[in-house]
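The listed protein sequences correspond, in order, to chains P and B. In terms of this note's numbering, the first sequence opens at residue 1 and continues consecutively. In terms of this note's numbering, the second sequence opens at residue 1001 and continues consecutively.
Treat the hints as calculated values from the structure; they're not laboratory data. Treat each hint with caution, since some may be false.
Under the rule of at most 27 Å between Cα atoms (straight-line distance), these lysine-lysine pairs were calculated in the DSSO-like manner [unchecked claim]:
id: 1; chain 1: P; residue 1: Lys-38; chain 2: B; residue 2: Lys-1042
id: 2; chain 1: P; residue 1: Lys-38; chain 2: B; residue 2: Lys-1078
id: 3; chain 1: P; residue 1: Lys-5; chain 2: P; residue 2: Lys-38
id: 4; chain 1: B; residue 1: Lys-1042; chain 2: P; residue 2: Lys-56
One-sided and incomplete, this derived list gives chain P residues near chain B with beta-carbon spacing under 8 Å [as the list claims (entries may be wrong)]:
id: 5; residue: Leu-34
id: 6; residue: Glu-42
id: 7; residue: Phe-46
id: 8; residue: Phe-89
id: 9; residue: Lys-99
id: 10; residue: Phe-102
id: 11; residue: Gln-104
In this text, a Cβ means the ideal position worked out from N, Cα and C, and glycines have one as well.
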Amino acid sequence: DQQVKQNSPSLSVQEGRISILNCDYTNSMFDYFLWYKKYPAEGPTFLISISSIKDKNEDGRFTVFLNKSAKHLSLHIVPSQPGDSAVYFCAAREEGAQKLVFGQGTRLTINP
Amino acid sequence: EPEVTQTPSHQVTQMGQEVILRCVPISNHLYFYWYRQILGQKVEFLVSFYNNEISEKSEIFDDQFSVERPDGSNFTLKIRSTKLEDSAMYFCASRLLMGTEAFFGQGTRLTVV
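Construct all of the structure, not just a fragment, from the sequences and the given hints.
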């Protein structure tokens, strides 16, 4: 049951350039989407979220875009920094539900 | 900055033994969660807890699992008779009543041998 998919297991980007992480979903009942970052041996850290009534949310270097018709969201990080190297998880929640459904994660590596 | 804390960081147990994983959620949060991540797999929801009762649980959360808030600060996950396949990272999380994002602890690595 892969309701949330991150099709790229890894991504390598040069420092200072834009990192774009993608996420697709199949469940049209999802109304809230989140991005988490995870370093080894740590728990997921909340980064940014977006409600299904919006198509863009920005917080500093991080911007999340939502395309509901395509059931696709993306996280843009610009400019990318070495400290951004981590695994990024997309997660989604159905309206009225408690649980978050996570994607498999994308390992982002920022090269100097 | 307030954070969710989990103890122990690593627990090794023999198959069939009971384990209790402990969590201290952020103090003004009212929703509590347990998730797990088996090595190489997705983070999976186990259970949510609100107002001293389970509000939602997954198929994984069978009779071998239970949760408890024994006092005003701790939130525990008990696995009654551990199996090899219970080996995973277990994450506790909490969120505000009106919040949407959950804040995660650093995890407990459970190894069943």
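We went through each hint and held it up to the structure:
{"no.": "1", "hint": "P:Lys-38 to B:Lys-1042", "verdict": "holds, 12 Å"}
{"no.": "2", "hint": "P:Lys-38 to B:Lys-1078", "verdict": "holds, 25 Å"}
{"no.": "3", "hint": "P:Lys-5 to P:Lys-38", "verdict": "holds, 17 Å"}
{"no.": "4", "hint": "B:Lys-1042 to P:Lys-56", "verdict": "holds, 26 Å"}
{"no.": "5", "hint": "Leu-34", "verdict": "holds, 6 Å"}
{"no.": "6", "hint": "Glu-42", "verdict": "holds, 5 Å"}
{"no.": "7", "hint": "Phe-46", "verdict": "holds, 5 Å"}
{"no.": "8", "hint": "Phe-89", "verdict": "holds, 6 Å"}
{"no.": "9", "hint": "Lys-99", "verdict": "holds, 4 Å"}
{"no.": "10", "hint": "Phe-102", "verdict": "holds, 4 Å"}
{"no.": "11", "hint": "Gln-104", "verdict": "holds, 5 Å"}
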